[in-house]
Amino acid sequence: MAELTHMIDSEVFLAFSTYATIVVLKMMLMSPMTGYFRLTKKAFANQEDTSLASSTEDKKKMVRVDPDVERVRRCHQNDLENIIPFVVIGLLYTLTGPDLSTALLHFRVFVVSRLFHTVAYVLPLPQPSRAVAFLTGLVITISMAYRVLITALYL
Amino acid sequence: MAELTHMIDSEVFLAFSTYATIVVLKMMLMSPMTGYFRLTKKAFANQEDTSLASSTEDKKKMVRVDPDVERVRRCHQNDLENIIPFVVIGLLYTLTGPDLSTALLHFRVFVVSRLFHTVAYVLPLPQPSRAVAFLTGLVITISMAYRVLITALYL
Amino acid sequence: MAELTHMIDSEVFLAFSTYATIVVLKMMLMSPMTGYFRLTKKAFANQEDTSLASSTEDKKKMVRVDPDVERVRRCHQNDLENIIPFVVIGLLYTLTGPDLSTALLHFRVFVVSRLFHTVAYVLPLPQPSRAVAFLTGLVITISMAYRVLITALYL
Numbered sequence: 047m048a049e050l051t052h053m054i055d056s057e058v059f060l061a062f063s064t065y066a067t068i069v070v071l072k073m074m075l076m077s078p079m080t081g082y083f084r085l086t087k088k089a090f091a092n093q094e095d096t097s098l099a100s101s102t103e104d105k106k107k108m109v110r111v112d113p114d115v116e117r118v119r120r121c122h123q124n125d126l127e128n129i130i131p132f133v134v135i136g137l138l139y140t141l142t143g144p145d146l147s148t149a150l151l152h153f154r155v156f157v158v159s160r161l162f163h164t165v166a167y168v169l170p171l172p173q174p175s176r177a178v179a180f181l182t183g184l185v186i187t188i189s190m191a192y193r194v195l196i197t198a199l200y201l
Numbered sequence: 047m048a049e050l051t052h053m054i055d056s057e058v059f060l061a062f063s064t065y066a067t068i069v070v071l072k073m074m075l076m077s078p079m080t081g082y083f084r085l086t087k088k089a090f091a092n093q094e095d096t097s098l099a100s101s102t103e104d105k106k107k108m109v110r111v112d113p114d115v116e117r118v119r120r121c122h123q124n125d126l127e128n129i130i131p132f133v134v135i136g137l138l139y140t141l142t143g144p145d146l147s148t149a150l151l152h153f154r155v156f157v158v159s160r161l162f163h164t165v166a167y168v169l170p171l172p173q174p175s176r177a178v179a180f181l182t183g184l185v186i187t188i189s190m191a192y193r194v195l196i197t198a199l200y201l
Numbered sequence: 047m048a049e050l051t052h053m054i055d056s057e058v059f060l061a062f063s064t065y066a067t068i069v070v071l072k073m074m075l076m077s078p079m080t081g082y083f084r085l086t087k088k089a090f091a092n093q094e095d096t097s098l099a100s101s102t103e104d105k106k107k108m109v110r111v112d113p114d115v116e117r118v119r120r121c122h123q124n125d126l127e128n129i130i131p132f133v134v135i136g137l138l139y140t141l142t143g144p145d146l147s148t149a150l151l152h153f154r155v156f157v158v159s160r161l162f163h164t165v166a167y168v169l170p171l172p173q174p175s176r177a178v179a180f181l182t183g184l185v186i187t188i189s190m191a192y193r194v195l196i197t198a199l200y201l
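Order-wise, the sequence lines are chains A, B and C.
Per our numbering, the first sequence starts with residue 47, numbered consecutively.
Per our numbering, the second sequence starts with residue 47, numbered consecutively.
Per our numbering, the third sequence starts with residue 47, numbered consecutively.
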């Protein structure tokens, strides 16, 4: 692997920092979106949360499962399962000293595929929209993992 | 971004390592806590797990959902959704070379907010205790992400 | 902590990169495994997904919960809860400059314990197989966290 002193100020590292931050922020926005749906649908997971929505209505009925809330939560879960591996493997990939253009291609395609994945999940769009978005992100991460393994392999 | 050779021995990096480790350990403790509640409440997710609790009782009835177990699991899930983004963005933030006092403020407020979040969720405390703890952590992570983006932006 | 310039080309860092990539790839393979079970069991989470399996059958009945799908999903969730902390704390541990043999022992035992955990969960094997695999991984991560804290402690 390249010396990190040179890597850390490199354009590849700056690009990784930028795209990783953007896609992690996108993932974090699923929490407020879940909160918004819970408030508007009046569908909460905890008894104590019902006081956030209303002080007069029947609170026991507000601890319930709502299909739209669950859809946003599944989207959030899929982000956790895919964006975190991208960040971990992407950092190691960045440290292998890839070409800037190749690295940018990986980062940009991944971030666009995950933004599209969220749109396809929440609206929802007909399949295979979401499946294609998911698989695109998976292939990008596996491609970066392959470069890490052929560059750094030490078992 | 600053050269990492200087960053890695810096007090900001040591502080990040310390607080990130503490808050990830806290998150990991939710697993044994879930196990404790599953054993004491005799509420398991898998048929084979019931043998861990008892060898004589009716095991089919022990594969069930318990409200207290689910509460701990939701707390754990919220940790995953918030602590992992803090660690990822916090590492990139550390590499931007922030002032030590500003960095410590971010790390300390985040860790305290997440410790309080766990207490507020598990007891539970009345809302908006947990909502305030959650939002505090979110704001801290967004503040660090903002600095990463204005320092490293490379699209 | 040691200077990262020396660390990044070290055998410990190469070993960490290798084992972290392998265990994250293993975690990511749970997604296609979930997809495979959803397709063969015809048990989907979203109405729009049913078109991926069949165009003629009753699609409403295919939005349902299947025990085998849920088992794979719980295994995936347990990976998220344990493998991500290993990667985060393992990176910080690597930067503390541990002995190569000690580091390799940590990485190898962790990866083997998580591979065995997956086998024990999906088949499933009788308990306490899975519990032992889980606890082994937890102890490894706590051992690395301990070294990070005694080396880098800065509160």
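Incorrect hints may appear among the rest.
If several chains are the same, the list does not tell them apart, and a pair holds so long as it fits within one copy or across any two.
Capping the alpha-carbon separation at 30 Å, the derived lysine-lysine pairs in DSS-like fashion look like this [stated by the list, open to error]:
#1 K107 / K87
#2 K105 / K88
#3 K87 / K105
#4 K107 / K88
#5 K87 / K72
None of these hints come from the bench; they were simulated from the model.
Checked hints:
1. For a Cα distance limit of 30 Å, the shortest separation of K107 from K87 qualifies both inside one copy, at 12 Å, and across copies, at 25 Å.
2. In this assembly of identical chains, K105 and K88 lie within 30 Å of each other by CA distance both inside one copy and across copies; the values are 9 Å within and 28 Å between.
3. With identical chains, the CA atoms of K87 and K105 are at most 30 Å apart both within one copy (13 Å) and between copies (26 Å).
4. Taking identical chains as interchangeable, the C-alpha atoms of K107 and K88 lie at most 30 Å apart whether they share a chain (9 Å) or sit on different chains (27 Å).
5. Taking the shortest alpha-carbon separations for K87 and K72, only the intra-copy value of 22 Å comes in at or below 30 Å, while the best inter-copy value is 32 Å.
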